[in-house]
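2 protein chains.
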Amino acid sequence: MKIPKAVQNLVESFEKLPGVGQKTAQRLTFYLLHVPQSELDSFARAIGSLKNNTLVCSVCLNIGEKDPCDICSDTQRNKDTICVVEQPLDVLALEKNGKYQGVYHVLHGKIDPLNNIGPDEIYIGKLLDRIRDSKNSHTISEVIIATNPTMEGEATAMYITKQIKSQIPASPAGRLSLKSQIKITRIGRGLPVGSDIEYADEVTLQRAMEGRQDY
Amino acid sequence: MKIPKAVQNLVESFEKLPGVGQKTAQRLTFYLLHVPQSELDSFARAIGSLKNNTLVCSVCLNIGEKDPCDICSDTQRNKDTICVVEQPLDVLALEKNGKYQGVYHVLHGKIDPLNNIGPDEIYIGKLLDRIRDSKNSHTISEVIIATNPTMEGEATAMYITKQIKSQIPASPAGRLSLKSQIKITRIGRGLPVGSDIEYADEVTLQRAMEGRQDY
Chain A
9 MKIPKAVQNL
19 VESFEKLPGV
29 GQKTAQRLTF
39 YLLHVPQSEL
49 DSFARAIGSL
59 KNNTLVCSVC
69 LNIGEKDPCD
79 ICSDTQRNKD
89 TICVVEQPLD
99 VLALEKNGKY
109 QGVYHVLHGK
119 IDPLNNIGPD
129 EIYIGKLLDR
139 IRDSKNSHTI
149 SEVIIATNPT
159 MEGEATAMYI
169 TKQIKSQIPA
179 SPAGRLSLKS
189 QIKITRIGRG
199 LPVGSDIEYA
209 DEVTLQRAME
219 GRQDY
Chain B
9 MKIPKAVQNL
19 VESFEKLPGV
29 GQKTAQRLTF
39 YLLHVPQSEL
49 DSFARAIGSL
59 KNNTLVCSVC
69 LNIGEKDPCD
79 ICSDTQRNKD
89 TICVVEQPLD
99 VLALEKNGKY
109 QGVYHVLHGK
119 IDPLNNIGPD
129 EIYIGKLLDR
139 IRDSKNSHTI
149 SEVIIATNPT
159 MEGEATAMYI
169 TKQIKSQIPA
179 SPAGRLSLKS
189 QIKITRIGRG
199 LPVGSDIEYA
209 DEVTLQRAME
219 GRQDY
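Residue numbers (the numbering used here), protein chains in the order written: chain A, 9 to 223; chain B, 9 to 223.
Bear in mind the hints are in silico, worked out from the structure with no lab data behind them.
Treat the hints with caution; some may be incorrect.
For identical chains, the list gives no copy identity; a pair is met inside one copy or between any two copies.
Only pairs whose alpha carbons sit at most 25 Å apart, straight line, appear in this in silico SDA-like list of lysine to any residue [as the list claims (entries may be wrong)]:
1) K59 to A33
2) K107 to Q30
3) K13 to L25
4) K170 to Q30
5) K24 to S174
6) K13 to T83
7) K170 to A208
8) K59 to Q221
9) K87 to D120
10) K74 to P157
11) K191 to M217
12) K173 to G202
13) K74 to R35
14) K107 to V64
15) K31 to E218
16) K191 to S66
17) K107 to Y223
18) K24 to N60
19) K13 to D75
20) K173 to E160
21) K170 to Y131
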């Protein structure tokens, strides 16, 4: 196979991306050969400077431009509701409709024993610290656990719930007063809008029945 | 939507790639946030230097590191057979099994009137020049037209065939001598290996019947 070194290098770089195989990597690389050099340069600059110009928010661990991030430093946001998500992309998805007015906590992963990721590998401890720290000032009233409705996401949600319930009363204040009680909720699971009951899988249908609401 | 500028820039760069939508671009970008800076730098370098270290072969128009390219300058190759393909990637695909011993001609496109690409926008003229130039020395005996078996690819193949047939005898030498007659062939179309007659479409089956061979 006689592929120029420069082409081969870029094919190999593309192949490292998730969901990009050899064929796709080659297709992308040969496409870029037809692109003006100025556009290649700006692409290269965007990749090189990606991490220099972003940082992780020390409060919610989301990716942002400053610390604390735009959402955490927004005074219009309800700081008493924390939505726990797996990835920064989940924040983007939830922010799209602009309805949620609380703040976030990004775990940067999920408990996934098959891939050797335990509770200590993701930012669950930071979430517990954040809840514990704010307990005395009663600032947090609800934790919405919005991990993915997958096996690992559900396990992570269950673990977090258990940890919050067990650790919060164990704090120096002793028994939780009614006021400092934190509501823990799980994001609703059921039929996605626009879907078809006929084609829904059994578990989704069961969840949808369990999650039925007064009409 | 509160996306850091650096992230947004890279998402936009990824979105320009063929087959990459907004969701995929975001997924790739957020994936790269977890990658070490050294790897990002080498990715950026690979993109920036892609075109600096490659050039188009003046003989076959394939992408290579030198001019003429490795294939054209290979003395082991039969220069009397030219395989005409649409894209450099097609050369890669044909070279994979190492069976073809001739040389190539890359059109860098196909006749595609719906996208305003006519015969003059792709390198058909260069192919005709190449055939005409070599006619007196009788070096080219066969032109294999290996454009894709799509509507546009077939139209391109038909156009090239017509052009070769009409232009070659019109050269100063007058009528073609038997020796300088150039065989024009089209790459075989039929059932791909491993496929199922049951699931083949009608046109493919028709082509397969037309292209049947003695056993």
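Results of checking the hints against the structure:
1. K59 to A33: Close inside one copy (23 Å) and across copies (16 Å); limit 25 Å.
2. K107 to Q30: between (41 Å within a copy, 21 Å between copies)
3. K13 to L25: Both. Shortest intra-copy (19 Å) and inter-copy (21 Å) distances satisfy the 25 Å Cα cut-off.
4. K170 to Q30: This pair counts as neither: shortest intra-copy Cα distance 43 Å, inter-copy 36 Å.
5. K24 to S174: neither (41 Å within a copy, 49 Å between copies)
6. K13 to T83: Classified as between; 22 Å across copies, 53 Å inside a copy.
7. K170 to A208: Classified as neither; 30 Å inside a copy, 55 Å across copies.
8. K59 to Q221: neither (44 Å within a copy, 59 Å between copies)
9. K87 to D120: neither (29 Å within a copy, 57 Å between copies)
10. K74 to P157: For K74 and P157, the Cα distance exceeds 25 Å both inside one copy (31 Å) and across copies (53 Å).
11. K191 to M217: within (23 Å within a copy, 70 Å between copies)
12. K173 to G202: neither (36 Å within a copy, 57 Å between copies)
13. K74 to R35: Intra 37 Å, inter 21 Å, cutoff 25 Å: inter-copy only.
14. K107 to V64: Only inside one copy: K107 and V64 sit 24 Å apart there, 53 Å across copies, limit 25 Å.
15. K31 to E218: neither (44 Å within a copy, 31 Å between copies)
16. K191 to S66: So K191 and S66 pass the 25 Å test inside one copy only (24 Å; across, 71 Å).
17. K107 to Y223: within (21 Å within a copy, 69 Å between copies)
18. K24 to N60: both (21 Å within a copy, 23 Å between copies)
19. K13 to D75: between (41 Å within a copy, 15 Å between copies)
20. K173 to E160: within (20 Å within a copy, 65 Å between copies)
21. K170 to Y131: within (15 Å within a copy, 68 Å between copies)
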